[in-house]
Amino acid sequence: MADVAIERNAAPRTARKRASLRTALKRKSTAAFLMTLPLILLISLLVIYPAFYSLHLATLNKSMQRFIGLGNFQFLFKRETFWLVVEQSCIFAITAVFFKALIGFIVAHFVHNIPAKGQRKWRGMLLVPWVIPPAMSTLAWLWLFDPSYSAFNYLLAGVGVDRIPWTGETGWARFSVILVNIWFGAPFFMIMYLASLKSVPDQLYEAAAIDGANWWQRIWYVTLPMMRNIIAITTLFSVIVTFANFDIVRILTAGGPLDRTHVFATWAFRIGIEGGDIPLGASVSLFMVPILAIAAVFILRDINKRGNES
Amino acid sequence: MTSTVVIDKAAPTRPVKLRSMSRDRTWALRWSYFFLTLFAVFALVPPLYMVITSLKTSAEISAATNPWWVYHPTLSNYVELLTSNQFLTFFRNSALVSIFVVTITMLISVPAAFALARMRFWGSATLATGVFLTYLIPETLLFLPLFKMFVAFGDLTGIQLINKWYVLLVIYPTLTVPFCTWIMIGYFASIPKELDEAAIIDGASWFQTLTRIFIPVALPGLIAATIFAFTVSWAQFLYPLVFTTSTDQLVLPVGIVTTLIKGDVFAWGQIMTGALLGAAPPLIIYAFLMDYYIAGLTAGATKG
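Those protein sequences? They're chains A and B, same order as listed.
With numbering that gives the first Met the number 0 applied, the first sequence covers 0 to 309.
With numbering that gives the first Met the number 0 applied, the second sequence covers 0 to 303.
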């Protein structure tokens, strides 16, 4: 090895070095490009192209023969169901994300509080809802909410509460889909917050304790500022995923009763696949874009900030 | 501040205060366990109820007994499902799709992540950000244009991909590749530069650096990415619901939802058994590889 290096040094090096550098650079970038080519093809053909194609689809009529401009949107704005879907999507996403974040935060603290030896076991149990495929676990909830055999109603009857129409009445059905979503998503928040809680240095808490901070002040002035970035990123992630949720609503209520629990994704499916009106369905799903775009911009900013800090 | 501490240390009240602090601590611990138990019950009730129902006969399910207890446990639901050709077809389709998708994902994302993490080239930074953004695009936005595209593709070339399980091999990578590439970029970037410089000096090619240095060193990340790709493709519900309809082409989640729910109330024993068997592979992987699973989960936001 050493010999080679010396020989190279001895040779008229500037020219040779530059030439070899250039060929190496050339070879390297070609190789790099070839290695990323499948990724670029996949993303451009199956993600970016369909994304723009749906913009085009949204301007066609039902049989996809004729260009009707913004006709689909005009039609949607006049339908009452559309506004119900907008309302329900917002209620669903905001409530579910808020409670997922809150429960995740509380549970993460409790897990962090107990001796390190037992933490693994508790964390393992509490993450189970996130591991089960949502389509499968929603079936279990559907059975727990069954109108005539609901196991929850059996327990409630034991304490003298009347039978609850979990998925049969607008208010309760909205509550049920949100509850299942919280059940499924809170463990994700818990695991993220727990990871970030562990990275808060103990000295900060010791210093706060010496200054006489109570538990509330410790959370407000030490924990929250230290976790701010993770909380922001996790919440924004969850906003995207919850807003675009399909499985839970589809299986639990299929949008019922009377379209009161439809969110954008399930309504787009109902119109586009079951109703056969692909352009109108595509227009419905396009309404998710603004909120997703805002969330994505903030996530990107936070992730870049994080990258610069470390 | 220091003076307070010193006075505190010298004061005779110190032991008393210590005891009260430790008592606080004990109570905090008790409350923690109490609430953790509450949350664990909340988390585990649906899966446990799946197990309870799966052990019951239809007669017991329809009887007006306590639904939370099994009076006559039976494995007949399991036997029935595991000997039913239809269910085994669903299982086979799911397994094939997941295994192929994991392979395809790794073949695409590992070289791409290596190139993006180590070989700076024109547009590589933009591409890395773009990969991350793609991960944020939900499938519910793309299923209609994709469906239309595959119909048009079939009309154009005569190759009918709709309603064949292998169409999912083309579509699922859009869900798995961006995230796997993103976390592999993070893992690869954390490998010290000296390591691959040493390999290059020893005469290794780029390919050898990847297979001999990067893949072995970043193995935990690779396992985490593999688990992610597997669980995503096993759990995916929307795409198979849209793209496959014949019963012999369905994957497990869609198969259970569309064929077992027949409006017959008393099929719930079988539905719960099917759901449990469908949840089993991810749960088993999770039970054995929990640390990798969690590493993959948290990597998305903590790396990069």
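Warning: the hint list may mix true and false statements.
Dumping the calculated SDA-like pairs for lysine to any residue here, alpha-carbon to alpha-carbon at most 25 Å [to be verified]: (1) A:K197 to B:I190; (2) B:K163 to B:V231; (3) B:K163 to A:R269; (4) A:K116 to B:I293; (5) A:K27 to B:I293; (6) A:K120 to B:M118; (7) A:K197 to B:A127; (8) A:K116 to B:T36; (9) A:K197 to A:N60; (10) A:K197 to B:S31; (11) A:K61 to B:M148; (12) B:K192 to A:R269; (13) A:K116 to A:K61; (14) B:K192 to B:M148.
Hint data in this document are derived by calculation from the structure and do not stem from the laboratory.
Q.
Check whether the Cα positions of A:K116 and B:I293 lie no farther apart than 25 Å.
A. Holds, at roughly 17 Å.
Q.
Holds or violated: B:K192 and A:R269, Cα atoms, limit 25 Å.
A. Between B:K192 and A:R269 the Cα gap is close to 52 Å, so the pair fails against 25 Å, i.e. violated.
Q) Holds or violated: A:K61 with B:M148, Cα cutoff 25 Å? A) Within the cut-off at roughly 16 Å; holds.
Q. Regarding the pair A:K116 and B:T36, is the alpha-carbon distance no greater than 25 Å?
A. This hinted pair holds, its Cα atoms lying about 16 Å apart.
Q.
Check whether the Cα positions of A:K27 and B:I293 lie no farther apart than 25 Å.
A. Distance of about 35 Å is beyond 25 Å: violated.
(Q) For a C-alpha distance cap of 25 Å, please report whether B:K163 and A:R269 respect it. (A) holds, 22 Å
Q.
Does A:N60 sit within 25 Å of A:K197, going by the straight-line distance between their CA atoms?
A. Violated. A:K197 to A:N60 sits at ~55 Å, over the 25 Å cutoff.
Q) Holds or violated: are the alpha carbons of A:K116 and A:K61 at most 25 Å from each other? A) Answer violated: A:K116 to A:K61 is near 61 Å, above 25 Å.
Q) Within a Cα-Cα threshold of 25 Å, do A:K197 and B:I190 meet the stated pairing? A) The given pair, whose Cα atoms are some 23 Å apart, holds under the 25 Å limit.
Q) Taking only the CA atoms, is the gap from B:K192 to B:M148 under or equal to 25 Å? A) With a Cα-Cα distance of about 43 Å, the restraint between B:K192 and B:M148 is violated, given a limit of 25 Å.
Q: Quickly compare the C-alpha distance for A:K197 and B:A127 to 25 Å and report which way the hint goes.
A: violated, 28 Å
Q | Hint consistency between A:K120 and B:M118 [alpha-carbon to alpha-carbon, up to 25 Å] | A | Judged against 25 Å, a Cα distance of about 42 Å means the pair is violated.
Checked against the numbered hints above, the structure breaks hints 5, 6, 7, 9, 12, 13 and 14 and satisfies the rest.
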